[in-house]
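Q: Chains Z, G and B are the protein sequences, given in the same order. The numbers in my numbering rise by one with no breaks, and the one at position 38 of the first sequence is 38. In short: position in the second sequence from 1, add 262, done, that's my numbering. In short: position in the third sequence from 1, add 537, done, that's my numbering.
Think of the hints as simulated: they come from the structure by calculation, not from any bench. Accuracy of the hints is not assured; some may be wrong.
Keeping only pairs whose Cα atoms sit at most 30 Å apart, straight-line, the calculated DSSO-like set for lysine-lysine is [stated by the list, open to error]:
(1) K729/B x K271/G
(2) K440/G x K413/G
(3) K620/B x K641/B
(4) K400/G x K424/G
(5) K15/Z x K224/Z
(6) K541/B x K424/G
(7) K271/G x K541/B
(8) K248/Z x K224/Z
(9) K121/Z x K248/Z
(10) K271/G x K665/B
(11) K323/G x K400/G
(12) K126/Z x K28/Z
(13) K413/G x K541/B
(14) K665/B x K15/Z
(15) K667/B x K729/B
(16) K626/B x K121/Z
(17) K271/G x K15/Z
(18) K729/B x K15/Z
(19) K759/B x K665/B
(20) K413/G x K729/B
(21) K759/B x K126/Z
(22) K641/B x K424/G
(23) K729/B x K665/B
(24) K729/B x K400/G
(25) K413/G x K424/G
(26) K759/B x K120/Z
Some chain B residues close to chain G (C-beta under 7 Å, calculated; not the full set) [said to hold, decoys possible]:
(27) I555
(28) I557
(29) I559
(30) L694
(31) V698
Cβ atoms here follow ideal geometry from the backbone N, Cα and C, with glycine treated the same way.
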Amino acid sequence: MALLEITNVDISYGKRVIVKDCSLSLEKGEICSIVGESGSGKTTVIRAVLGLLAGGGRVTAGDIVYEGRSLLTLSDREWRELRGHDISMIFQDSGAMMNQTRLIGNSYVEYIRTHEDVSKKEAWAKGTEMLGRMRLPDPDRIMRSYPFQLSGGQRQRVGIAMGMTYQPRLLLADEPTSALDVTTQAQIVRQMMELRDEYGTSIIIVTHDIGVASYMADKVVVMKDGEIEDQGTREHILRETDNAYTRKLMEAVPSLGGKRYV
Amino acid sequence: MEKKSFIRKYPGFCIFAILGFLIILAAVFAPVLAGGVDPTEGNLTDAIMAPSAEHPFGTDKMGRDICARVIYGARASLSSTFILVAVIFVIGTFLGILSGYFGGWVDAVIMRVADMMIAFPGLVLAIAVAGLLGASTKNAIIAIAVVSWPKYARLARSLVMKIRHTDFVAAAQVTGSKTGYMLRKYMLPNTITTLVITAATDIGSMMMELAALSFLGFGAQPPTPEWGSMLNEGRNFMQSAPWMMIYPGLAIFITVVVFNMLGDNLRDILDPKSE
Amino acid sequence: MGRKQLGSRLLQMVIVLIGISILTFLLTYLSPGDPVRNMYTSAGIMPTEELIQQTRDEMGFNDPFLTQYFRWIGNCLRGDFGKSYSLNKPVVQLLAARLWPTLKLTLLSMVLMLIVAVPLGVLSAVYKNKPIDYIVRAVTFFGVSIPNFWVGLLLILLFCVRLRLLPVVSSGGTFKDLLLPAVTLAIAMSAKYTRQVRTAVLEELSSDYVIGARARGVRERKILWGNVFPNSLLPLITMLGLSIGSLLGGTSVVEVIFSYPGLGNLAVNAIMSADYFLVQGYVLWVAVIYMVINLLVDISYNYIDPRMRLRR
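Excised from the complex, chain Z in its bound form:
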């Protein structure tokens, strides 16, 4: 049984169908990348998995099944157990996903105490430890900082740390590197891949950067205008496919000395 099965899913906002007939399957330990331009619906799909569609959005057809359970019919309590624990999500700007008026430590403690019955002190210690494990220098200072006081790279690492606190089986990453400079991007990407190696985490990463996608992913899904344009293994997408759109995306990557470093 696949870890996650998205089958023929339609996502609509009111009467408008934003995503049509999306199907995707993810095995344990697999990394899948969803690529596409802005507006292709890739973020919508990933948010739908966690039930986080913005106001008015709904899955109007198909099913999303996680470990044999449909995610479309979960109660609030079931979601609370799943989110942040079995399935985690990291965002394009992890800093913005935290309360700007609270210390990172306090947000982290709040998160930990949602899933574990521990004291504030214990939660704080756990958070600090987690930050250290993500190779963040001086985790103590970071816990005592506000999100806006950190750099983009540091914020993303904090986001990943929080996302990995409970070693989720599925990690959803929504453009996690798009706001970073190239060097930091490389570091984050590598760190994410280590997660898979170390913990066996399955990852779905949404990105518009084909370079990142082809580096990380075992499987690539290409989306355009709300529909799946092409999908397959990395090899297939990079070299074998004869889908015109995919080819166009590939060609958009600048080449150096006649070679494309994808």
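Given the coordinates of chain Z, work out where chains G and B should sit on it, guided by the hints.
A: Frame of chain Z; chains G and B shown alone:
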């Protein structure tokens, strides 16, 4: 066919536009509606009579028919309100656009003056101005206008400043457009929609402020029928003749409700993204 | 707030105060009445033209505008705001005596307002577009549309005349005297404030961090009361400061209706009797109070919001 879908799409606006229009009509055709009764004429022998068939809203202390006074009162209240809103709108928008477009010391001066008006509880200054200039409708309008224009000026200014330094404005300037033209064709259209909406939604509260001033005695003067001053007259007869203050107040309330709803609906039409 | 910011803010306040004082003085200077004549007539004397002119000379009313203005301002800075001739007492004394009752009224109104507006606003936002939201929005709509002086009169009619529960004329002493005026003021303000609370909470609810917290599995209730609500309070504090201003003004009407011995009542009477010194003193005092309150609000806002505190 287009008209039909407009009504269907914006039923609220149409209903209240019609109601507002009816109120205005009532003011304009007051003599007809009042059945020829003179609101300023009263027989002292008829003073303070409870509502009856002959005097649906009763009579006041001078024997005047309150129903007629309420209907005629619409004239004073509505006209002064519309004039007030128009004055504030024009002055505020004008100064705001100037302030935003020219910046520099023009901006500084206008904004400091605006700060002065805002740094002060509105009604207090209005009362002071109206009181010291002498009580009359005209002075009441001036008083409230003096205190209220900053809101529009600031709004216009911020809207202008948003586009002031954009490329398309710079392009127009570079190609030699004169200042007057820039102000009229570029700055004004950008600001007008938001400001019109603000004005429409302000009609209700401006009406209440004018009524408040008249209530205190600083606005319309007797024997002119005006809802605020009628409430003031009714105040002293609360125990014996409550109808004297109930009906004028009701008139204010209903009119304000209608125009507030109208303003809100207008906002929904012109600026649907505002929640 | 940085020292530099505070300094420039104070400077701004002083400039604005000077402007207001000039404006007020200009108003009374230009107004049609004659303070000296009023002074005599309110004392019951019918003065001759010569007497008036003589007194005007003596009291400095025939001096040039700037001389008079600086004299007045100089006196104010020394604590002498002149003498009210309609009430025959120093202005300072009159203002001081009435300040506390008005403040009491303002405070009670605000407390009442907060008790109503905050819960309703939060409720309305959280259950947006559900029945409770529509009810709250309808009620607040009517609350904003009703003239507060009419409400006051209706309340008097109901509670004092018909039900005889409360005294009609108040002496400003007991709680009973405060209640109706405070309720009257609170009604209109609650309506306005509930809407503002609703907007602030709604805006916070659509913030990214709410989605982030949900993605981490945090309880809705914790998100709302632990995060959204405190954050919504920040803009509300600023709005509260502005409301105090309109309260200070609005008390005038309500105080007159209930014959409540506060500043507003004093001011209205002063204006009606053209008691210029009293009016000038009143305007200046209220302006200072209002600006000080706003300054305090801004300082506290800057202090409470870490983004303001730490970001340079």
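Q: Hint by hint, say whether it matches the structure.
A: Going through the hints against the structure:
| no. | hint | in the structure |
| --- | --- | --- |
| 1 | K729/B x K271/G | holds, 28 Å |
| 2 | K440/G x K413/G | holds, 28 Å |
| 3 | K620/B x K641/B | holds, 26 Å |
| 4 | K400/G x K424/G | violated, 36 Å |
| 5 | K15/Z x K224/Z | holds, 20 Å |
| 6 | K541/B x K424/G | holds, 27 Å |
| 7 | K271/G x K541/B | violated, 54 Å |
| 8 | K248/Z x K224/Z | holds, 12 Å |
| 9 | K121/Z x K248/Z | violated, 53 Å |
| 10 | K271/G x K665/B | holds, 22 Å |
| 11 | K323/G x K400/G | holds, 26 Å |
| 12 | K126/Z x K28/Z | holds, 27 Å |
| 13 | K413/G x K541/B | holds, 27 Å |
| 14 | K665/B x K15/Z | holds, 20 Å |
| 15 | K667/B x K729/B | holds, 20 Å |
| 16 | K626/B x K121/Z | violated, 64 Å |
| 17 | K271/G x K15/Z | holds, 17 Å |
| 18 | K729/B x K15/Z | violated, 35 Å |
| 19 | K759/B x K665/B | holds, 18 Å |
| 20 | K413/G x K729/B | holds, 17 Å |
| 21 | K759/B x K126/Z | holds, 21 Å |
| 22 | K641/B x K424/G | violated, 43 Å |
| 23 | K729/B x K665/B | holds, 17 Å |
| 24 | K729/B x K400/G | holds, 29 Å |
| 25 | K413/G x K424/G | holds, 17 Å |
| 26 | K759/B x K120/Z | holds, 15 Å |
| 27 | I555 | violated, 9 Å |
| 28 | I557 | holds, 6 Å |
| 29 | I559 | violated, 9 Å |
| 30 | L694 | holds, 6 Å |
| 31 | V698 | holds, 5 Å |
Checked against the numbered hints listed earlier, the structure breaks hints 4, 7, 9, 16, 18, 22, 27 and 29; every other hint is satisfied.
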